[in-house]
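Using the sequences and the hints given, assemble the complete structure.
Protein chains in written order, with this note's numbering: chain A, 1 to 144; chain B, 145 to 288.
Because the hints were derived from the structure by calculation, they are not lab data.
Nothing here was measured: the structure is a model prediction, and the numbers come from that model.
Be aware that a few hints might be false.
[Unchecked claim] In silico DSSO-like cross-links for lysine-lysine, where the CA-CA straight-line distance does not exceed 27 Å:
#: 1; chain 1: B; residue 1: Lys223; chain 2: A; residue 2: Lys119
#: 2; chain 1: A; residue 1: Lys21; chain 2: B; residue 2: Lys187
#: 3; chain 1: A; residue 1: Lys78; chain 2: B; residue 2: Lys263
#: 4; chain 1: A; residue 1: Lys43; chain 2: B; residue 2: Lys222
#: 5; chain 1: A; residue 1: Lys43; chain 2: B; residue 2: Lys223
#: 6; chain 1: B; residue 1: Lys187; chain 2: A; residue 2: Lys79
#: 7; chain 1: A; residue 1: Lys119; chain 2: B; residue 2: Lys243
#: 8; chain 1: A; residue 1: Lys96; chain 2: B; residue 2: Lys263
#: 9; chain 1: B; residue 1: Lys222; chain 2: A; residue 2: Lys79
#: 10; chain 1: B; residue 1: Lys187; chain 2: A; residue 2: Lys43
#: 11; chain 1: B; residue 1: Lys165; chain 2: B; residue 2: Lys223
#: 12; chain 1: B; residue 1: Lys165; chain 2: B; residue 2: Lys243
2 protein chains.
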Amino acid sequence: MELFGFGPHLMLDGYDANPEKLRDAELVRRVLDELPEEMEMTKVLPPFVYSYGPGGEDGVTGVVIIAESHIAIHTFPKKRFLSIDIFSCKAFDMSKALKKLAEVFEIGRYETYMIQRGKEFPKDPELARQIVLGEREYLEARVG
Amino acid sequence: MELFGFGPHLMLDGYDANPEKLRDAELVRRVLDELPEEMEMTKVLPPFVYSYGPGGEDGVTGVVIIAESHIAIHTFPKKRFLSIDIFSCKAFDMSKALKKLAEVFEIGRYETYMIQRGKEFPKDPELARQIVLGEREYLEARVG
Numbered sequence: 001m002e003l004f005g006f007g008p009h010l011m012l013d014g015y016d017a018n019p020e021k022l023r024d025a026e027l028v029r030r031v032l033d034e035l036p037e038e039m040e041m042t043k044v045l046p047p048f049v050y051s052y053g054p055g056g057e058d059g060v061t062g063v064v065i066i067a068e069s070h071i072a073i074h075t076f077p078k079k080r081f082l083s084i085d086i087f088s089c090k091a092f093d094m095s096k097a098l099k100k101l102a103e104v105f106e107i108g109r110y111e112t113y114m115i116q117r118g119k120e121f122p123k124d125p126e127l128a129r130q131i132v133l134g135e136r137e138y139l140e141a142r143v144g
Numbered sequence: 145m146e147l148f149g150f151g152p153h154l155m156l157d158g159y160d161a162n163p164e165k166l167r168d169a170e171l172v173r174r175v176l177d178e179l180p181e182e183m184e185m186t187k188v189l190p191p192f193v194y195s196y197g198p199g200g201e202d203g204v205t206g207v208v209i210i211a212e213s214h215i216a217i218h219t220f221p222k223k224r225f226l227s228i229d230i231f232s233c234k235a236f237d238m239s240k241a242l243k244k245l246a247e248v249f250e251i252g253r254y255e256t257y258m259i260q261r262g263k264e265f266p267k268d269p270e271l272a273r274q275i276v277l278g279e280r281e282y283l284e285a286r287v288g
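This is the structure we're talking about:
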């Protein structure tokens, strides 16, 4: 029997973040560099980071490729807003990721969304188990 | 009065795609290179594309940064599966994007998801209008 599901895609949209942090391209790069290992993901390439405006005042965009999926961060310092995507082909510790990101960027409040991507993607049982645990983790993070 | 919403994030998970197309890193690069202009988005950097395995047999990952958001494609030729994200700070023609992507990769069937990101992000009225039109477009694309 085949089990299903490609993997979780966690989205965070954060408000009232610290604009200094949101302008800090080096901080965005460091988060993208460190997060994969902390989430037990495999980084494929170093992150790339792009700054808008002098000193990143209009925002910073960064992406890191992790074994066949990605993490992306887009910041908007003037709006104190940022969007983060963590899309992985295997389950990861979502509450840990949310906690770290909220702390690093000093996010005041945030919305999250989680979509289980590729509902019909065939998987092995162990990965399916991890996905179920991941969904539980997400729900715990939401209510925590 | 401020209106709200950062922008639409369209996700496509496609099955039964043509594996030759999914191995073709140059095709992925070309799609990422052309799609922003076709969607009236502003490309910030050229796409970057990474191949897994000889000739991309284990898959291709590509990302392009479009004015403060991104388009990402992850392909899995052996599973005939691919995942695509189009995340934009302004509305775009979703049915056109889905049609093009389905044709280019010869996708047999797909799931889509659309999330209106940053629900509380302050916007100007014209952008808010475009977002509403975008949501309508998405629903039309789903039923079309």
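Against the structure, the hints come out as follows:
no.	hint	verdict
1	Lys223/B to Lys119/A	holds (13 Å)
2	Lys21/A to Lys187/B	holds (25 Å)
3	Lys78/A to Lys263/B	holds (17 Å)
4	Lys43/A to Lys222/B	holds (22 Å)
5	Lys43/A to Lys223/B	holds (22 Å)
6	Lys187/B to Lys79/A	holds (22 Å)
7	Lys119/A to Lys243/B	holds (21 Å)
8	Lys96/A to Lys263/B	holds (23 Å)
9	Lys222/B to Lys79/A	violated (43 Å)
10	Lys187/B to Lys43/A	holds (25 Å)
11	Lys165/B to Lys223/B	holds (13 Å)
12	Lys165/B to Lys243/B	holds (16 Å)
In this structure, only the earlier hint numbered 9 is contradicted, and the remaining ones agree with it.
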